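Visitor: Residues per chain, in single letters:
2 protein chains.
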Amino acid sequence: MRDSYHDRLDLLMADLLEMTDRVRTAVQDATRALAEADVQLAESVISGDQAIDALASEVEQTGFSVLAISSPVAGDLRMVTSGLRVVMALERMGDLAAHIAKIARLRYPDPAVPPRMMDSFLRMAEVAEAMVATAGRTLQDRDADTAAQLDANDEQMDKLRRDQFVEILGDDWDEGVAAAVDVALLGRYYERIADHAVSVGKRVVFLVTGIQPSEQN
Amino acid sequence: MRDSYHDRLDLLMADLLEMTDRVRTAVQDATRALAEADVQLAESVISGDQAIDALASEVEQTGFSVLAISSPVAGDLRMVTSGLRVVMALERMGDLAAHIAKIARLRYPDPAVPPRMMDSFLRMAEVAEAMVATAGRTLQDRDADTAAQLDANDEQMDKLRRDQFVEILGDDWDEGVAAAVDVALLGRYYERIADHAVSVGKRVVFLVTGIQPSEQN
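These protein sequences, in sequence, are chains A and B. Under full-length UniProt numbering, the first sequence has 192 at position 192, and the numbering climbs by one with no breaks. Under full-length UniProt numbering, the second sequence has 120 at position 120, and the numbering climbs by one with no breaks.
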């Protein structure tokens, strides 16, 4: 027989995993909207962000009510406080995917990204999606080892971003100022999604080991 | 006579207010480093961010130990959970001030911002500093009314940012791609500092009224 305390903890985790899934899809769709100048898809990412925000709000209320009613300790307390941190990261990732989609919408019917840069963004999206998926999986499996490795994936993202700067600031950049600005901001959004995945990873390490993120490597 | 429970709550609030002060100073100094191409000041903002991070980590550990040991309820519980959210926003604001300083350092001895744009950034910094100060003050005074008004200040920031885009994407922009990219990213950093101040304001409203941010206007 289940009690409402454990039901609430299960709901919290289920909502977080659902958010992870939706964020991953949002990143994927936003990137496709960018690559194919698909304004309908961009719109659906932008409106879909509300569902992510609604889930975030549900996680917050669940977490808060568990703290208020049940005063969990040890592992359960870590799960709730970590959940309340992870949910902020996931909500921001959803916002960032929506920002990407908004740039695709803004430039429509033109593509927002010059063809020569699109491969780089597809690779950024690949890295970001994989990191979001890994973050979700490690949360579900309480896999601190894999969670701690998200930092290494983040280095790929940083490298992709540095390469983009070399392109847009190079002498043979002939796509103009607006395209360069779009590339710089889009690159920033993907980079931030990856950063948030790393921070989720740190929370997973804390959840499993009890070691505070600031004391982790 | 004080007990350690209330000492911990007082410490948590004192650390948050100290962070608010340091963030405001960091924004101010980063902007001066930008305006005056002052690389020493930029360095001091960048290294000063570690002190902000250390305070953040102290707040987290204090908050977590209060939850674990004392299982606070009602207003005290809201204070701890809000504190754990506010600290993330303040930590990010510190990072963003450091990002601004890093652009000043990167372009040194040249100014990162073309003279024609500097007024706009000085105004952005003014708005951001005022918002950070207001966020801190409303936290200290538990002033939900003023906290709720931070949204209106944020509109000034958004307007400044839109005006910057008009400049850098206009036909008479002759400062080149690199300067336009710097302006776009710097503008983004100031805008995000303001966004975080708004989110602190929402937490203050929650702290005082018990109304969740998602249910606030």
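Simulated from the structure, these hints should not be mistaken for lab results. None of these values were measured; they are calculated from a predicted model. Yeah, the Cβ is synthetic: ideal placement off N, Cα and C, and Gly gets one too. Heads up, some of the hints might be wrong.
As the list claims (entries may be wrong) - With a cut-off of at most 30 Å between alpha-carbon atoms, the simulated DSS-like pairs for lysine-lysine come out as follows:
#1 A:Lys159 to B:Lys102
#2 B:Lys159 to A:Lys102
#3 A:Lys102 to B:Lys102
Unchecked claim - Cβ pair distances, simulated, as ranges:
#4 A:Ile211 to B:Gly210: 28 to 36 Å
#5 A:Glu126 to B:Pro109: 53 to 61 Å
#6 B:Ser71 to A:Ile211: 16 to 24 Å
#7 B:Ala152 to A:Ser71: 23 to 31 Å
#8 B:Gln50 to A:Ala74: 39 to 47 Å
Visitor: Confirm or reject each hint.
Guide: Structure-based check of each hint:
With a CA separation close to 18 Å, the supplied pair Lys159 of chain A and Lys102 of chain B stays within the 30 Å bound. With a C-alpha separation of about 18 Å, the suggested pairing of Lys159 of chain B with Lys102 of chain A holds against the 30 Å cut-off. Taken as a hint, the Lys102 of chain A and Lys102 of chain B pair is honoured in the structure, with Cα atoms around 28 Å apart against an allowance of 30 Å. Between Ile211 of chain A and Gly210 of chain B the C-beta distance comes to about 33 Å, which sits within the given range of 28 to 36 Å.
For the pair Glu126 of chain A and Pro109 of chain B, the supplied restraint of 53 to 61 Å is violated, since their beta-carbon distance comes to about 39 Å. At roughly 22 Å, the beta carbons of Ser71 of chain B and Ile211 of chain A sit within the given window of 16 to 24 Å. The supplied range of 23 to 31 Å is broken by Ala152 of chain B and Ser71 of chain A, whose beta-carbon atoms lie about 38 Å from each other. Checked against the hint of 39 to 47 Å, the pair Gln50 of chain B and Ala74 of chain A fails, with Cβ atoms roughly 31 Å apart.
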